[in-house]
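Chemist: Here are the chains, one letter per residue:
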Amino acid sequence: MVERLRTRLRSLAANLAETGRKLWQDSLAEYLLHEKDPGAALIYLKYWGLNYSRIVLFGVEAPFRLGPAGVVRMLVHNPWIFTLLKVNRLMRRYGRGRTGPYLESVCLALNSVVRGNVDMLRQMFYRPERMVISEDLVPIDIVHAMGLDAYLIEGIGIMLPILDSEACLQYIDEAENEGMNPDACSLPKTTVGMVIRDHLPKGVAIVSSNLPCDAGAASYSFIERAYGLPTYRLDVPYNFHSERAENLFTEDVKGMIAWLEEHTPGRMDWDRFREICVNRNRILELELELWDMLRVRPAPLASEAVWLSHLWNVNVTPDCRESVSHFQKIVSLARKNLEDGLPATQNERYRTLVWNPPFLHFTHIFNWAERTYGLTLLNDSMTYHHHRPIDTSTPDTMLRGWGRVVMQGPMVRHTRGPAENYLDDIFRMVKQFDLDMVWVANHVGCKGGQAMNGILREKCREKGIPLLILDYDLSDPRIVSHDNMKRQVEHFMDNVMKAPRLDG
Amino acid sequence: MPPHTHTIRVFEELLESPRNRLVEQAAEAGRIPIGYSCSYVPEALLMADRLFPVRLHAHGIAGTELADNYLSSLVCSYTRSLLEFALDDRYDHVKGWVFVPSCAHMQRLVDNLHYLRKPAFSHVLDVPRKVSRATLDWLEEELRMLSDRLSSHFGVDMTDASLTQAIGEWNRFTQAVRAIGDLRKRPDPPLTGAQYHAMVMACLASPKDLVLPYVEKLRKELQVRDGARGTRARLMVVGGHLHDPGFISIIESQGALVVADRFCTGSLPGLTPVRVDGDPIRALAVHSFEKTLCPRMMEDFDRRLGFIRDTVREYRVDGVVLETIKFCDLWGVDSMTLVNALRAEGIPVLKLEREYRTSGEGQLRTRVQAFIESMGA
Amino acid sequence: MKKTYFGGCDVGSTTGKAVIIDESGALVASAIVPSEIDPERTSVLALGKACGQVPELGGYRDLGYLIGTGYGRNEVPFAAENISEISCHAMGTFSLRPEIRTIVDIGGQDVKAIALDERGSVLEFAMNDKCAAGTGRFFEAMSRVFRMDLDAFSALSLEAGRVIPVTAQCSVFAESEVISLLARRNPPADVAAGIQTAVSKRCFTLLKRIGTRPGVTVTGGCAKNRGLIKALAKVLNMEVTGLPVDPQIIGALGAAVYARQKGNGRFA
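So the protein sequences, as listed, match chains A, B and C.
If you're matching positions, the first sequence starts at 0 in numbering that gives the first Met the number 0 and goes up one per residue.
If you're matching positions, the second sequence starts at 0 in numbering that gives the first Met the number 0 and goes up one per residue.
If you're matching positions, the third sequence starts at 0 in numbering that gives the first Met the number 0 and goes up one per residue.
Bound conformation, chain A alone (with noise of 0.2 Å):
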């Protein structure tokens, strides 16, 4: 009994002292012991502050909004909330090694994240009779135009690990425990896992659609059975590149406001409509401009002020107008690197690309890339759009714009139509950036990208272009550790590009 609980103390005691250990390590005391660059202590700082002052404002809101009685509820249903405390250690990790513009720029990137996530939370949870569950490739331009409030479903469960590695795990086992097929794409899983423990609000609507794969398509009966809601499913054709195929979308749209006029509080408010498509043309400008510089040799940006500030100012709030204002910083951060000759990276030694979704769990491997070969990574697969801007001058050409910004889009144009959908792509940007190298990010539940491994190794191989085959799971780092990760990145770099280490 006295050996039993001389145990359960040592246990007790190596725990508390584990747990304080990382609360010091991701604390602000201990990073500004540590940081020797005064500007880049003052960068973090402030981005520090931004992002606690934006979590705080809405945690100081909500119990007005919802009273103190549901802000518990909201906090008890939902306690993946609690994960977004966790931003400023990920800024931590995105800051490593970094100064001036880039620093601020990355940071920023995140910060606009924690915006964007904030907003969403008032979206989910203030005004349930007009909420909206949209999946992720279907954009809540339409949905806010017509009044109502939305979330993207699938956003939380590709929030959660770049904010915690292992924040979807439990999730995850609960979708594979319920019977769904473990080599399925973690996405779905993590939210089916989370609608079967009742982690998201339900709202009045659901509107899905084919996008962008089988698992998530087919997940979709799961949540329509397990909420009862009404769902609506937009259905991108095969062959999109067509005038045929853009009538028949159009026509689809159509049919989903006037389904959500019929089972929602919503009505369409075009001239509503045409701003949000005006913010998204102002939005492609300016991204088109950054990429153009970009292509300058050494990047004066690179990384998350690229992908993270597409990700979340282009997919989930391209209808704000702070979405636009960050990419307006973003491109004078980037001129003002430019001009002063400074680039991202201080030894830009290799620029790459990664292809297909991001490595989720690990986002910050682009941060140790850098510092460990001077490796910048210029765009991926998820941002790199090429639609036309939305014409806004009927409802009818806006719709057909908008329309083709879903079927067109990231992840869209390359699960659907032939293999050049996928592989053209992938060559224009390395050609457009100038890249040394593709990396693949190659997640085992992606059976669409897995199949074209082969044909892209001989493409690559008959073109000179060195290609990384990263292999991952996207949200579960149990699958492929971090350690596993970073060893076929130095395999690869140390074998196939001859790069020499800069942590010596």
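Keep in mind that the hints are not guaranteed to be accurate.
Computed cross-link-like contacts, PhoX-like style, restricted to lysine-lysine with a CA-CA straight-line distance of at most 25 Å [stated by the list, open to error]:
no., chain 1, residue 1, chain 2, residue 2
1, A, 485, A, 497
2, C, 261, B, 325
3, B, 325, C, 200
4, C, 233, C, 223
5, A, 458, A, 35
6, B, 117, A, 462
7, A, 253, B, 129
8, A, 45, A, 335
9, C, 48, C, 261
10, A, 21, A, 85
11, C, 223, C, 207
12, A, 430, A, 462
13, A, 458, B, 117
14, C, 2, C, 261
Counterexamples of contact, computed for chain B against chain C with all Cβ distances above 10 Å [said to hold, decoys possible]:
no., residue
15, 24
16, 117
17, 276
18, 372
Restraint ranges, calculated between C-beta atoms of paired labels, are given here [what the hints assert, rightly or not]:
no., chain 1, residue 1, chain 2, residue 2, range
19, C, 200, A, 98, 42 to 52 Å
20, B, 306, C, 179, 46 to 56 Å
21, A, 347, C, 183, 43 to 53 Å
22, C, 139, B, 62, 28 to 38 Å
23, A, 45, C, 139, 51 to 61 Å
24, C, 200, A, 74, 26 to 36 Å
25, B, 140, A, 291, 38 to 48 Å
26, A, 271, B, 116, 49 to 59 Å
27, A, 19, C, 200, 35 to 45 Å
Calculated directly from the structure, the hints in this document are not laboratory data.
Every residue gets a Cβ at the ideal spot worked out from N, C-alpha and C, and that includes glycine.
With chain A fixed as given, assemble chains B and C onto it according to the hints.
Modeler: Same frame as chain A, but now just chains B and C:
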């Protein structure tokens, strides 16, 4: 168990190779085999004039080492088996290919096939994933485009009259097969599920007019046969691609009898006649949507569930075996909901994950035996 | 009057087990032998050893009814029939502890989870027989790394101060991971606790598929692993009930009980 008849052995022989003797016979007579892999392809359209459809299968596949280099080993083994056979020149006799973007695996099979083999004629029929007035119009247009391409490439008659004739031939074929299928509703069916499936698969992989006499012959043989007695359980098999009657044999080796087949290459509801009321292409489009129940269709879950439930009643099924090919996302995810829904209706379900090629016989027997025992049979 | 005896023979990949019960259902003999390559030979050896404990029996041919189970169930000579090991484990457990509702059977090369109803009928089951991680083979490999026998290894984790996580995705990789952990001078008891926890979590996954009802027990050779039982109880947050006989013979016992049920009908 009802023993094999000579005709059933014929069907089994026809399955031994995609290039069976009936396919060769037709090809030598100047007819044109068109390979297809999805139930959304209207077979009747591919029966016009000199064309004949052959359902792509890879019976006897030993491994997919070549295909795995391209399609990866984490992809459905059906598509990998097809690619392997193609790389082994086992489909050299096929003059044209018609695919449907059924799923990501099938899409990538098309991509890899085009890259590695560059077929002279290959067409992707863009079948929508939901049914509405607009998508029906779209599918009708798609079928017209396919029809026009077939006509111009092969110089075959794809006029309405020709299509109507082909539909008539298809309807005669389905009626003959269904007549045998209906015998399985009896308490003592005169043939096993494996024997029935050998017939259906052989028919799908052969020219219909040449295989139809064998179907008629089997029907006559069955009229004078004693039915199966003393089976422990009547089972329904549900799922995706299942080509090997050997898989059903293993299930039946534990004392059960498979009486209903609701999978991609099964007859329920797949082999139903086409109702033509004016335009044959429109009729084929309607038929395609109606006769196929696949989880790729986003709004069809309730219809699929209802169909299984009704079939359980009609065929007096004791339990459902839901077979899914490993790595199939459509069935893999959908089965989660389907199993729960069926069990909620009081229907016992055994979920079996398998490879395209029948393997793991011992493990399969154990699971089926335990399932039958758990039903109290 | 001459007594009638009923037998069950469970031919597994690692061991063969035989159980004999009498007309009243009392267990009168049991035997465990290492499996031979030929399952028939294994069954003959196991049955021979069991029958040798019952003076009235000259051999297995004197049994009133014999049922085979396990992967080699078709090879048990003179078995009147064979029944799946799932049903037999359920029956064997139910005959001893009718309050049990969930069984985890951890054998030499596979793991099974079985849910029972109040009549001892199988409600649902799940199996992992495609991978040896978390089975008897896995523990054998682990105990070799620790340079201990299975008994000593099973008790080692009970002394752990904390649990050092170990992967159980693959036996081969787990072995190399454990070697690294021990080489880095981590306390062996803590590493052993990590192994037991990893296996328990794999069992947990299987159990979740069938629904874990209170009244949990473990059968199979690995049920004798005390560290594993403790870890499993913790992972499930439920008590794990022990059985009054060697848990490794439960499958054979269930087969014998079935033999008695079917044989009694014949001899009534």
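Chemist: Just pull the numbers of the violated hints for me, sorted ascending.
Modeler: 2, 5, 18, 21, 27
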